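**Student:** The lines below spell out each chain.
2 protein chains.
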Amino acid sequence: MSVHLRPEEIEAESFRMIDAEVGPHPWSPSEWPVVRRVIHTSADFEYSRSMFFSADAVFRGVEALRKGRGIVTDTTMAYSGISKVRREKFGNGISCFVADPEVAREARSQGITRSILAMRKGAADQDNGIFVIGNAPTALFELLRLVRQEGLRPDLVIGLPVGFVGAAESKNALLALEAEYPQIPFITNRGRKGGSNVAAAIVNALLIMAEEG
Amino acid sequence: MSVHLRPEEIEAESFRMIDAEVGPHPWSPSEWPVVRRVIHTSADFEYSRSMFFSADAVFRGVEALRKGRGIVTDTTMAYSGISKVRREKFGNGISCFVADPEVAREARSQGITRSILAMRKGAADQDNGIFVIGNAPTALFELLRLVRQEGLRPDLVIGLPVGFVGAAESKNALLALEAEYPQIPFITNRGRKGGSNVAAAIVNALLIMAEEG
Numbered sequence: 001m002s003v004h005l006r007p008e009e010i011e012a013e014s015f016r017m018i019d020a021e022v023g024p025h026p027w028s029p030s031e032w033p034v035v036r037r038v039i040h041t042s043a044d045f046e047y048s049r050s051m052f053f054s055a056d057a058v059f060r061g062v063e064a065l066r067k068g069r070g071i072v073t074d075t076t077m078a079y080s081g082i083s084k085v086r087r088e089k090f091g092n093g094i095s096c097f098v099a100d101p102e103v104a105r106e107a108r109s110q111g112i113t114r115s116i117l118a119m120r121k122g123a124a125d126q127d128n129g130i131f132v133i134g135n136a137p138t139a140l141f142e143l144l145r146l147v148r149q150e151g152l153r154p155d156l157v158i159g160l161p162v163g164f165v166g167a168a169e170s171k172n173a174l175l176a177l178e179a180e181y182p183q184i185p186f187i188t189n190r191g192r193k194g195g196s197n198v199a200a201a202i203v204n205a206l207l208i209m210a211e212e213g
Numbered sequence: 001m002s003v004h005l006r007p008e009e010i011e012a013e014s015f016r017m018i019d020a021e022v023g024p025h026p027w028s029p030s031e032w033p034v035v036r037r038v039i040h041t042s043a044d045f046e047y048s049r050s051m052f053f054s055a056d057a058v059f060r061g062v063e064a065l066r067k068g069r070g071i072v073t074d075t076t077m078a079y080s081g082i083s084k085v086r087r088e089k090f091g092n093g094i095s096c097f098v099a100d101p102e103v104a105r106e107a108r109s110q111g112i113t114r115s116i117l118a119m120r121k122g123a124a125d126q127d128n129g130i131f132v133i134g135n136a137p138t139a140l141f142e143l144l145r146l147v148r149q150e151g152l153r154p155d156l157v158i159g160l161p162v163g164f165v166g167a168a169e170s171k172n173a174l175l176a177l178e179a180e181y182p183q184i185p186f187i188t189n190r191g192r193k194g195g196s197n198v199a200a201a202i203v204n205a206l207l208i209m210a211e212e213g
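If you read the sequences in order, they're chains A and B.
Numbering of the first sequence is given in the numbering used here, commencing with residue 1 and proceeding in unit increments.
Numbering of the second sequence is given in the numbering used here, commencing with residue 1 and proceeding in unit increments.
These are calculated hints, taken from the structure and not from any lab test.
Treat each hint with caution, since some may be false.
[Said to hold, decoys possible] Calculated lysine-lysine pairs in the DSSO-like style (CA-CA distance at most 27 Å, straight line):
1) Lys89/A x Lys121/A
2) Lys67/A x Lys121/A
3) Lys84/A x Lys67/A
4) Lys84/A x Lys121/B
5) Lys84/B x Lys84/A
6) Lys121/B x Lys67/B
7) Lys84/B x Lys121/B
8) Lys121/B x Lys121/A
9) Lys84/B x Lys67/B
[Claimed, not checked] To give a feel for the contact side, a few chain B residues facing chain A, derived at Cβ under 10 Å:
10) Glu11
11) Arg16
12) Glu21
13) Val22
14) His25
15) His40
16) Ala43
17) Tyr79
18) Gly81
19) Lys84
20) Arg114
21) Pro137
22) Thr138
23) Val162
24) Gly166
25) Gln183
[As the list claims (entries may be wrong)] Pair ranges (Cβ atoms, derived):
26) Asp125/B x Glu8/A: 48 to 56 Å
27) Tyr181/A x Gln110/B: 50 to 58 Å
28) Ala20/B x Arg49/A: 19 to 27 Å
29) Gly68/A x Arg190/B: 39 to 47 Å
30) Gln110/A x Gln126/B: 26 to 34 Å
Quantities reported herein were computed from a predicted structural model and do not represent experimental measurements.
Virtual Cβ for every residue (Gly too), placed ideally from N, Cα, C.
Input sequences plus hints: build the corresponding full structure.
**Tutor:** Written out as structure tokens, the structure reads:
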């Protein structure tokens, strides 16, 4: 029975099924492995139409991973979902400050979300360049503020907040970055869907590409 | 702007939007908060039709949580996604053995998946009663084997593997449990979708009910 296949065979078979069901698509050879892994993680074919990559985002993201640039996530789920084994091959550090006691204290005293302060803390470390947001619109809005007002220049933004209040709006704001700051690569999707699992899957797809070269 | 709402206001507003978009539905007053939180986590309304609860699953799950029964997850993402603060109120332990070095060694030597051995290890501890599977069909198949062949009687099974090979089949096998073992409560969905984020959201919904009820 199919579930007795080895994990790598299950993945290959899954990819064959996704290829067959999606059929002809507009994605470039570097973008498709990312979109396909998102569909693999979510079983949701809507991503085959809703994903968006800024120019050369995959190439630039792979390059940043190979350079060992640090990864910042907005949730511990995204943190957990990014392959430790693959990440450690390139020495990419990873951090998530949303549960940090100092961040919690500051958030209370300033009356703003922990997600905002967690992003700020992650961005303050010069070793960090890859920002992965799978949940909080406020984290993505804060990252965009850091770009516009404080000169932050991320190596890659993976922005896929999910939800009903602010998620789609935060991704529209990210999409607007392309015209303003064409040198900042980003990967996102349109609409309400997204999530920490999907954001982590994108990083994993890029890590596999970084390895395979 | 809406993102300046406090987190609890954002959630309430999201729930109002979900209620309005779903409209009349067949879920009971105890099931709906679970389905709604799954939609909130995924922004995917398909769950408003594809979820399935065995008789009294929510009531029995809430009861098991209140008794402090241990939680076993198949992925570190599901582990991370379950609210630590809420869980600790009832003293529910949590474990995930998929990255356990002993499990990895055994999996290699026996030629079976780590997910299978991780479930087996979780089930061996009598304090564990709540099994949360958001990724691996093999973990869910193994749990069902433990029920049938080794007399395991979980307090609750949350089975939502995602994917293209084995996921829907593993959930069909779980659905078949209802006729065979009507005393084992479970929550699942039909089809390929699912995921660690969704499985964790179900536990969080039950934890909130355990607290409020």
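**Student:** So, for every hint listed, does it hold in this structure?
**Tutor:** Outcome of the hint check:
no., hint, in the structure
1, Lys89/A x Lys121/A, "holds (25 Å)"
2, Lys67/A x Lys121/A, "holds (21 Å)"
3, Lys84/A x Lys67/A, "holds (16 Å)"
4, Lys84/A x Lys121/B, "holds (22 Å)"
5, Lys84/B x Lys84/A, "holds (22 Å)"
6, Lys121/B x Lys67/B, "holds (21 Å)"
7, Lys84/B x Lys121/B, "holds (22 Å)"
8, Lys121/B x Lys121/A, "violated (38 Å)"
9, Lys84/B x Lys67/B, "holds (16 Å)"
10, Glu11, "holds (8 Å)"
11, Arg16, "holds (9 Å)"
12, Glu21, "holds (9 Å)"
13, Val22, "violated (12 Å)"
14, His25, "violated (17 Å)"
15, His40, "holds (7 Å)"
16, Ala43, "holds (4 Å)"
17, Tyr79, "holds (7 Å)"
18, Gly81, "holds (5 Å)"
19, Lys84, "holds (8 Å)"
20, Arg114, "holds (9 Å)"
21, Pro137, "holds (5 Å)"
22, Thr138, "holds (6 Å)"
23, Val162, "holds (5 Å)"
24, Gly166, "holds (4 Å)"
25, Gln183, "violated (26 Å)"
26, Asp125/B x Glu8/A: 48 to 56 Å, "violated (30 Å)"
27, Tyr181/A x Gln110/B: 50 to 58 Å, "holds (52 Å)"
28, Ala20/B x Arg49/A: 19 to 27 Å, "holds (25 Å)"
29, Gly68/A x Arg190/B: 39 to 47 Å, "holds (43 Å)"
30, Gln110/A x Gln126/B: 26 to 34 Å, "violated (46 Å)"
Of the hints listed earlier, those the structure fails to meet are numbers 8, 13, 14, 25, 26, 30, in rising order.
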